[in-house]
Every structure is written in structure tokens, then in C-alpha cells.
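Residue numbers (my numbering), protein chains in the order written: chain W, 532 to 803; chain P, 131 to 423; chain Y, 7 to 370.
Hints are supplied without guarantee of correctness; some may be wrong.
[Claimed, not checked] To give an idea of the chain Y side of the interface with chain W (calculated C-beta under 7 angstroms), a few residues:
#, residue
1, PHE22
2, LEU55
3, SER59
4, HIS98
5, PRO108
6, MET111
7, SER115
I should point out that these hints are in silico values taken from the structure, not numbers from a laboratory.
Predicted model only: the values in this text are computed from it and were never measured.
Yeah, the Cβ is synthetic: ideal placement off N, Cα and C, and Gly gets one too.
So you can see what is in the structure, the chains are spelled out below.
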Amino acid sequence: MAAVNPGARFVIGGQTVMLLALYAFLYFPIFYIGYLSVMENNVWPFPPVFTGEWYGRLMIMSDFHVGLLNSVLIGIGTALLSTLFATAAAIGLLRYPVRRRGAIAVLFLAPLFVAQILIGISTLMFNRNVLGIPGNIESAIVANTTYSVSFAFLVILAQLVRYDWRFDEVAQVFGARPFRTFREVTFPNIWPAVLGAFIISFILGFNNFEITFYNVAAIPTLPTIAWGTLRHGIEPELYALATIVNALVFALLFVIYLLIRVGALRLGVPDD
Amino acid sequence: MKARRALHLDPRVRFAALVGPGALFIVLFLLLPLLSIVVFSFWRTESYELIADWNVDNYGSVLGEWIYLKFLLRSLAMAAVVSAICLVYAWPCAYLIAKHGGRYRIVLVLLTAAPFLTGILLRVTAMQQILGPIGLLNMALMELGLPPVEALMYTNIASAVGLVYLWIPFMLLAIYLSLFNFNFELLEVAKVCGAKPWRAFLEVTWPLNWMGTAIGIVLVFIPTFAASVTPRFLGGPDGSMFVNRLEHQFGSAGTWALGSAMGVVMCIASLVVIFLLWRTVRLRRAGYTGAGA
Amino acid sequence: MSDQAILRIEAVEKRFGAVRAVDGVSLEIGSREFFALLGPSGSGKTTLLRIVSGLEAPDRGRVEIGGTDVTALPPYLRRIGMVFQDFLLFPHRTVAENITFPLKMQGRSAVEREEQLDWILGFVRMEGLGDRFPHQLSGGQKQRVALARGLIARPELLLLDEPLANLDRELRKEMEIEVRRYQEELGIPFVYVTHNQEEALTMSDRMAVMHRGGLEQVGPKLEVYNAPATRFVASFVGAPNRLSGRAMQDDGERLLIDWGGIRLVGRAAGSARPGDAVEMFLKSERIALGPAADAAQHENRLEGTVRDIIFKGQFADYIVRADNDVELVVSGPTSVAGVERNARVTLGWPVEAADVFAVEDGEP
């Protein structure tokens, strides 16, 4: 802490207030939904009267079970494909200094710059009118992957730039074939990044609405159930559903945080 | 010997084997579908069927009829305003985290990014419980005997608040990543050379982080321009956007060719925004060194 | 070469775009020798080493190890050892796991790996440190682990890529002796790439000097040092004094030159003929230094003034301004009677201490 002049302190103070306000803005609604989910009266829940009824009702909703299962399936499928493509691409781009690799990187990031709803309707139209494939879980997975792969790619790239590829050369000189090299040296060093990408793309696929909606036909998923509920006036079960999903997401993000720490340790950087 | 030779693969072959599958996937399942709607936009729809009867009537409707043009302009204005708010608000926050976050930087950034991952619908639901007529804000005012804030109940302002709520994490993340790679010692250099803090910011920090900022703007502009759920549930009767009209073509109206043309118009509008921002980025002046970026 | 060549490089060429990194190099290395490949950065020495290891494929030419053509073999089939710049110990593996990695890749049993590990840990004096992780080691310890990993499988050939470049001076001196001991005791041929001529001269039996992708000179180290074959070798291997003059008279082995009005005699190393512009490369430690009018017996003598004395610990560099205003560096003991700043001194050196090349004899 060097001496800070009063002007700078004022600026830092102002920024701190803004950041704290941002956190409040971002998290208050999330916590409020959690609060509502255990309140008997959802309109003006003060003073609080606790109830577990909404969770109970959610649990016996048959759509909820089907939707949860479908969302998990879409999440896992999306995560598997996205992580596979993104990991291979990130390794290829960083490992081999091929010309024009910048253009390839742009291709993998391009989906970030396409509106989700456009991905949704264009894949719907393409599948239906060109390929003749009906809407189902598989087409939702494929469509979601085109979007999530960019996030997976970014997550892996961000950590892989710190990996020293000469370790792979060391392994090869000492007798490891390419696949063995990957198993013995590359993967043990980069797995936190790979798992991080898997989790991020799982969450994206699991929660996606705009892409999934146009590609699953009438099959329920958690977001489409939420959409239906929202359309017909909110029922308190939705608060319970939202709270469960939020809790799941935050738990997974905590895992990612731990992974970043482990990853930093692996790559020989003590902190952040 | 031949088999052994095969193991000693050309780097270009290995590169293609690693990058190819993903690249092919994106081309097949993202670019081809996008191209297909360009084709469909020149067709017409009859009783829920696309007919390959080439014409430009759809574009005539989208760009020529006030009903569509109005929504297009409203969407563009909404996206511009939301991007501007996010930009102005996220910069100081990202700056604080990058410069003074120390070892908590990662946690602080993850905390801003986390809500994004909870899903659009649930976040809009949450927003509705705060801003809506029976939301927390209004009910609290009623309890206190105060009049409701009508500006926040099913209006475009509520839409804008909701969109900022949804997308500000992208802006913050883009600016943060740029600042993370920015050498703050350059500011010290500027100050030693006689620049006051705000001058140092304008001469050094801002230009060197403009590319990251521009990426942030695009990352917010595109999804807000294409937002459908937020205006639908927060915007009220005057809040309907271009995308809501577009969805209508793919829903009950079943006029897919027209919807495709609207999608193409959206795509082109987004590309124009990207292009205009890209023209302001001077790679060399942005400190781009060619690698990574 | 008395013994059988273990490594034979024939007309190897490698380009990167328009740059000829390795430009038609042929070389043979014997089965028990310590061979240094010396050159400045960008001279192609690391590329040549990577071609030998199989990490880089040559565009043309052949590489033979132990009589087998390995040109088309990937690194993992070549059975060589290598010590990398920056050590490159696997961060996720312990010292023991790092060292036994080559044996594991060869499919040796755990018992055998354990035996060899015990032996090599003793050999490199790292007993009891097998369970540490690389980040818990000092620079010198990392270096020993890297060497142990390169040697444990008793390869036919050990390649070393600037292994001491990142160590501080004291440690480097210590490791130079240690690396030399490993080579002598195990009898494995070492090919040692370095840009540091002192390292090359300390450790090697024979050396090659590389420049712009080609070999300038190959031979026993003393021969390279004492009789540089090219103007580049003379400038790169230990001659800080470069005197520009004109050749005057040629009597076969010796060349008389005019250096700004002073007449000097040097070894005729290049193709210089009378009348050519020439350069004399003069080794600083071969110059005798004494008070003015000292009658030291040398063929070359000149007088000058001491401008500065740079103390270097065990010796000192004397900066002497000759009477034609050109400065020379003389290495000598830290104190010489009658020699101090601004003192008039006499310099003298034998013909063999100075190599004369025509300016046309290639670039330095």
C-alpha cells in the first residue's frame, strides 16, 4: 500500500461503490427468487412464513422430471461434443504454427457473434427443409454445440496458452509415442482446463432456451417448461425450479474455481 | 519403414486432424444453416410449406413496410442504449478488479460472470418479481403508501433494465480480459512524462484497451438486438421488438420465407455494426502483436 | 577419429521459409567423445540438434545413429537421451518419476526402474530427493535431475541443448565439471550445444563452430582455439582484439602487416596477399604487458598508455591505447609491477597469438 493521493482514493472509492452495486443488482433477484421459493405468500412475503410446498409440488410434476432428464441429456451431449472439438482445436492451434491459423481461430469464435435465436431458427429450417430431420434431443444437442463450442474453446485456450509444448517433445525424445505423450504428459497438465470447458458447455446446453426451443419440437426441457409457466402467469413452482437450477450452477462454478486454482498450481504459477 | 514414416506426420496433417472436425462441424451446422435461410428468404411460403419461387418480395416487406421497419429501428435503438449503459457501467468495475483486485481477481470476475450461466428465462423471471406490478419494488411502495413507478412496469425501460441485467457480464468480462493483459506500468510511464491521471487514461489506457472494449460492445449489442424473451415478459404492449415479429413468422403465422428474410436482415445489421466497430480498431495501435490476441 | 562414429550427419539441410537454418552440414561424432557445437544464436546449432533428435525433419540429407539410418524415424524410436534448455522437468511428476520416465516408456519393470533409479540418484548425488516435485528443487538440482533423466536409459547418444544457459555463473562452473565427469565415467558420447565458447572449451574433446547454418571449423578444441580456420572462428572463439590493417609482405606461414603505421607480424591464416585489407585477431591473454622499455622478447612489440584497468577477480583486463590511438584489451594478473592507469607500457606477443585474415575471407 503505497501512499495514494486523495483524488485517486476518491476514484477507487467510487469504483468500489459501483462494483458493489453491480453485485447487488446481479444477485439480489437471484436470492429473492430463492427466498420466494420457500415463502407461503409470494406477492408480499413479509413477514416471512416458510413452506416447502412449492418444492413438493415441483417434485410431483411429471413434466419436471422429464424436463430435468432432457435438459441433463442436452447438457451432457453438448458438453461432450463442445469439449472434444474445442480441446482438439485449441491444441492444434497452439501446437502447430500453421499459417492462416488466425482464420481458424476466428471460425471457432464466430458463433459468439451470431444471435442465439438465429442459430435456433436457421438450424430448424435447415434440418427440416434440407436434411429432413425432425426436432428432437439430438438436433438440439447439435445446434447447442455450435454455440457452446466457442465458450469451451475460449476456456481451454485461456489456460492452454500457458502450457509449454516442449514437454511433449521431451516425452517423445524419451520414447513416448504421440498417444502415450498425450496420456502421460499433456493431459495430466491440461485436464483442469478441459474439465472447466466441459462444465461451462454443460451449463450452457442445460440452460439454453432460444436454441433449444426451436430444435426440440414439443419435448419438454427445464427452460421450455419455465417459458410455458411464465407465459401463463407465474406459479410458485417456478421459483423452486429456478432456485434448484441456480444452486446447481453455482455449485458447478465453485468446482470451476477450484479447477482454476489446481490448473494454476499444475502450470507452476502459485496464484491466479 | 513405410508405417514408421506414416507416424512421422507432417505438422500440417496433424493440425488438420485436430482442428478439422470442429471446423467442419461449425461449417456444417452453423454456417450452412445460416446460408440456407438466405436462400429461403428469396422463396415464398404457402400453407406452411416453402416454395422455391424466387422473388424479393420478402425484403420488400421487411424494409418497405413501416410496421417492420419500426420494429427494426426500435430494436437497434434498444441495443445501442443497452450497450452504452453496459459500457459506461462495466468499465470502472472491470478497471477496479483488474488493477486492484490482486489475488481475488478471479473470484471477483467469476462472481460477475456467474449469473449469466443461470439461464435467460430464470433471470427474466427473477427480474419480473422485482419490477412487475406485483413485484417487490411496487409492493414495497404500496406498503409505504407511495405511488407505483409506472416507468418500470411493462415498459421499454423495464426491458432495458432486464437486458442490462442479462448481458453486462459479457461487457465486463471482455474489458477485464483486455485490462488483464494491459501493462499498468505504462500508466506510470505516462505520468512520469507529465500526464495527469485522466490524460494518461485517454492517451494510454483507453486506446490500448479499445479492441477489448469493442469486442465487449459487439458481445452485448448482438444478443440485445436479438433479444426476444426479455421484451416479451418485461416490455409490455409497446415493448415488442423486431425479433418478436420474426418469431411470429416461425410460430403461428408460418410464413417462413418472410421470417428468413427478417433473420437475414438481422444478420446483416449485426455485421454492419461489427464492421463499423472493426474499422475503429487499429491493430498496431491496439498493441496487437500477432499471437494469441 | 580413432574410434567408430556413433553419429553420422550427411549433407543435412533445413529451411524455414527463406531462411536456411542448416545449410548442408556433414559431421561425424565418435562413440566416446564429448563434442561441443558452438555458435551464436541463430546459427542453426539448435536446429541441427533437433534434427538429430528427430524433433525436426531435415529437408535433405541423412542422419545415422549407431550405423542405422534414422532420418525418417520419429524421436521416440531413436533411443537417444536429451537434456533440454530450461530443464523441462514434468511439473506433475516427482523427481523419481521424471528420471525413470524413459525406462517406463521402454516398458521396463518396476523393479528394474527402481534399481536404475537408485544407481543414478547416487551417480548425480541426489540421494533421498526422489519424492520431491520439480518446483521444490534448486536450479542445480533441477539440472542434475534433467541429466539423470537423459542418462538413465544409457542411450547411445546424449544431446544437450544449452543446458547451463540459465544457471548463474558460480553454479555453471560447478556443473561444467560435473557434466564432464558424467561423460567420462559413463563413456556415452555427448553432443553439447552452446553459444558460450568458455563452456565449449572447458568441457569438450572436439568442437565445431557453426555460423549461418554451416560449419566453419571442426576439430580438437585446442586446434580450433589456437588455429582458427576462418575469420568468423577467430572472432568468435576468444579473440577480443581485432586490428584492421593492410598486408605488406608474405613469407608463407607469416604475414607482415601495417597497422596504422605500426608493423606487426601474425600467422597467415586466410588467403591474404600483400596489398589486401586484412584483420589481425589477437588473443588478449597471449599479450605480455610490462613497464615501458621492458625488453620482453617478442616479435611484435608496441608501446601505449594504460587507459583503464578492469578488475575481474582472478585476473584483470588492461585497456591500453596504442600510439596510433587504437585500444587493445590485455588480460593479465591483477597487478603487474609498474603498470597503473596512465602509465606508459610495452606490449609484446608472439606470432602464433595473432591470426591474420583478409577482409574478403568471409564475414565474421
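Quick rundown of the hints versus the structure:
{"no.": "1", "hint": "PHE22", "verdict": "violated (10 angstroms)"}
{"no.": "2", "hint": "LEU55", "verdict": "violated (11 angstroms)"}
{"no.": "3", "hint": "SER59", "verdict": "holds (5 angstroms)"}
{"no.": "4", "hint": "HIS98", "verdict": "holds (5 angstroms)"}
{"no.": "5", "hint": "PRO108", "verdict": "holds (4 angstroms)"}
{"no.": "6", "hint": "MET111", "verdict": "holds (3 angstroms)"}
{"no.": "7", "hint": "SER115", "verdict": "violated (15 angstroms)"}
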